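Colleague: Line by line, the protein sequences are chains A and B. Counting in the working numbering, the first sequence runs from 1 upward without gaps. Counting in the working numbering, the second sequence runs from 1 upward without gaps.
Among the hints, erroneous ones may be present.
A short list of chain B residues far from chain A (calculated; beta carbon distances all over 12 Å) [said to hold, decoys possible]: (1) F33; (2) R35; (3) S124; (4) L150; (5) N214; (6) L215; (7) E224.
The calculated DSSO-like cross-link candidates involving lysine-lysine, where the alpha carbons are at most 27 Å apart (straight line), are [said to hold, decoys possible]: (8) B:K155 - A:K28; (9) B:K98 - A:K250; (10) A:K24 - B:K131; (11) B:K156 - A:K24.
Derived, one-sided and incomplete: chain B residues facing chain A with beta-carbon distance under 8 Å [as the list claims (entries may be wrong)]: (12) Y15; (13) T86; (14) A101; (15) E104; (16) A107; (17) L113; (18) Y120; (19) R130; (20) I196.
Honestly, the hints are just simulated from the structure, not real lab data. None of these values were measured; they are calculated from a predicted model. Glycine included, each C-beta is placed from N, C-alpha and C at the ideal position.
Each chain, written out:
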Amino acid sequence: MYSWMLELWKYRELLFALSIREIKIRYKQTVFGILWAIIQPLSLMIVFTFVFSYFLKIDTGHVPYPIFAYSALLPWTFFSTSLYFGSLSVITNSSLITKVYFPREILPFSSLGVAILDLAVASFLFMGMVLVYNTPITFNLIFIPVILLVEIAFTAAILLIFSTLIVIWRDLKFVIPLITQLWFFATPVIYPLAKIPEKYRFIYMINPISIIVDDFRAVSVYGTQPNWYGLIIAGSISLFIFVAGYIFFKANEKRFADIV
Amino acid sequence: MNSYPIEFLNVSKSYSLNRLKYQTLSENFGQIFQRILTGKKRTLQTEDFWALKNISFKVGTDTVLGIIGRNGAGKTTILKLISQITYPDSGSIQVHGKVGAFIELGAGLHPELSGRENIYLYGSILGMKRKEINEKFPEIVKFSGIEKFLDTPIKKYSSGMYARIGFSVVAFMNPDIFLIDEVLAVGDQIFQERCIEKMRQLAKTKTIVFVSHNLDAVRDICTEVIYIESGRVKKWGKPKLVIDFYNNRARSEKYVL
Chain A
1 MYSWMLELWK
11 YRELLFALSI
21 REIKIRYKQT
31 VFGILWAIIQ
41 PLSLMIVFTF
51 VFSYFLKIDT
61 GHVPYPIFAY
71 SALLPWTFFS
81 TSLYFGSLSV
91 ITNSSLITKV
101 YFPREILPFS
111 SLGVAILDLA
121 VASFLFMGMV
131 LVYNTPITFN
141 LIFIPVILLV
151 EIAFTAAILL
161 IFSTLIVIWR
171 DLKFVIPLIT
181 QLWFFATPVI
191 YPLAKIPEKY
201 RFIYMINPIS
211 IIVDDFRAVS
221 VYGTQPNWYG
231 LIIAGSISLF
241 IFVAGYIFFK
251 ANEKRFADIV
Chain B
1 MNSYPIEFLN
11 VSKSYSLNRL
21 KYQTLSENFG
31 QIFQRILTGK
41 KRTLQTEDFW
51 ALKNISFKVG
61 TDTVLGIIGR
71 NGAGKTTILK
81 LISQITYPDS
91 GSIQVHGKVG
101 AFIELGAGLH
111 PELSGRENIY
121 LYGSILGMKR
131 KEINEKFPEI
141 VKFSGIEKFL
151 DTPIKKYSSG
161 MYARIGFSVV
171 AFMNPDIFLI
181 DEVLAVGDQI
191 FQERCIEKMR
201 QLAKTKTIVF
211 VSHNLDAVRD
221 ICTEVIYIES
231 GRVKKWGKPK
241 LVIDFYNNRA
251 RSEKYVL
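Construct all of the structure, not just a fragment, from the sequences and the given hints.
Modeller: Listed below in structure tokens is the structure:
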């Protein structure tokens, strides 16, 4: 594992260059360009606000529903778009895999780079909303990097596994959007975690994304501390899957050029 | 360096032939059901194609090795094994030094990006640092002769232009071992000559492995040549000797057909 990390470090400039390439290509020849990073969560937020705030009236405490939803959509969109692009990264770059040597994990990791930029762009709108809704800005915002770090670790772990599996079973191309959708409803994005009956709460505790989303909202909108107990569990799960996923990826990596 | 930069010992490599190697879930489930129902283990039939069979050779530091042979003989597979793009089924491969491979036209170049962006991208794919690319950028551009189109997306380029960018970046990345596949064929006469000149220059200090059907070029720059037939080394030696052998063989085969 140490030698993998070392090699990855040696190729860090490639990781950077491929992330830049991803960004350039993804938004090239689109009219809105990088604005898509905002349009996506924004449009979801608008729909959710109508449905869950006007029609179904979900109780979100003193926090207005739009900012309640958007604060969760930020980390969620980070996860879902990474998953969408990242799990395909190995097969979409087959021409690189069969012709050039480099540590292959750079491909899924570089789609994380794009997601980080998207998140940064989408955050501008969030800052605007914080001002408009007069949300108190608290000291607890400093925990956001910790939460994001856990999210990056977890997302990277899932990408390592899915991008490998998709090389072996192309069927997964159709399964991943389905999984993402189910995962979305299993994550407290449109509803608060507090709404879940106590006896089912444990299911949420083993889903790192739901803790990440909930904590992100807690520190940024509710101004509370993250749920440390949950965050430590999420962090440990993420780390464990990351190590397992990395080993799994590396064990299969040598076959990529022959299969893809 | 007391050891050889490249050493192949009894290397074999197979590809499965009659079906793609990736699987579909339905096939896997089908297999499982069949096993449950019949109690027999029946795996999908696969036929292996031995791209390389027990290949051994060494390449010295100051060697320019030419590899010749017909299409599908396994030439490119050797380059892919040297550069660790793919791995052998058996045997051992030792490579000492930084490898610079130019294996296929346009690998690593992205059609939507400009010539400039692609030089940077391809450079970093080959493991160059940004600083290094900055330093060599003018030389690369000059060598490739694409100054005029530097900021045009390369999807508008001709395939000769792709080859120019690719070769130029590899030529200036300063590897210890330089692998070149049959890619010069698409460049025009002037660029081909320039490439061969560059290779001759590099050959003074580097190890070069050169795969080509252009026997004149091989005779011209190689110090040793391997002739490969159906994944086996048929002849290995001085260029003239091996090329004559290959020509004879090709001639006799023509009569058989």
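Colleague: Decide, hint by hint, whether the structure agrees.
Modeller: So, going through the hints one by one against the coordinates:
1. F33: 17 Å, holds
2. R35: 19 Å, holds
3. S124: Nearest chain A Cβ is 4 Å from B:S124, so the label is violated.
4. L150: 16 Å, holds
5. N214: Nearest chain A Cβ is 21 Å from B:N214, so the label holds.
6. L215: 25 Å, holds
7. E224: Given a closest Cβ separation of 24 Å, the condition holds.
8. B:K155 - A:K28: 13 Å, holds
9. B:K98 - A:K250: 22 Å, holds
10. A:K24 - B:K131: It holds: about 21 Å lies between the C-alpha atoms, which stays within 27 Å.
11. B:K156 - A:K24: Satisfied, since the Cα-Cα distance of roughly 17 Å is no more than 27 Å.
12. Y15: 7 Å, holds
13. T86: 4 Å, holds
14. A101: 7 Å, holds
15. E104: Since chain A brings a Cβ to about 5 Å from B:E104, closer than 8 Å, the hint holds.
16. A107: 3 Å, holds
17. L113: With Cβ-Cβ at 6 Å, under 8 Å, it holds.
18. Y120: Holds. Min distance 7 Å.
19. R130: 6 Å, holds
20. I196: Since the shortest Cβ distance to chain A is 22 Å, the answer is violated.
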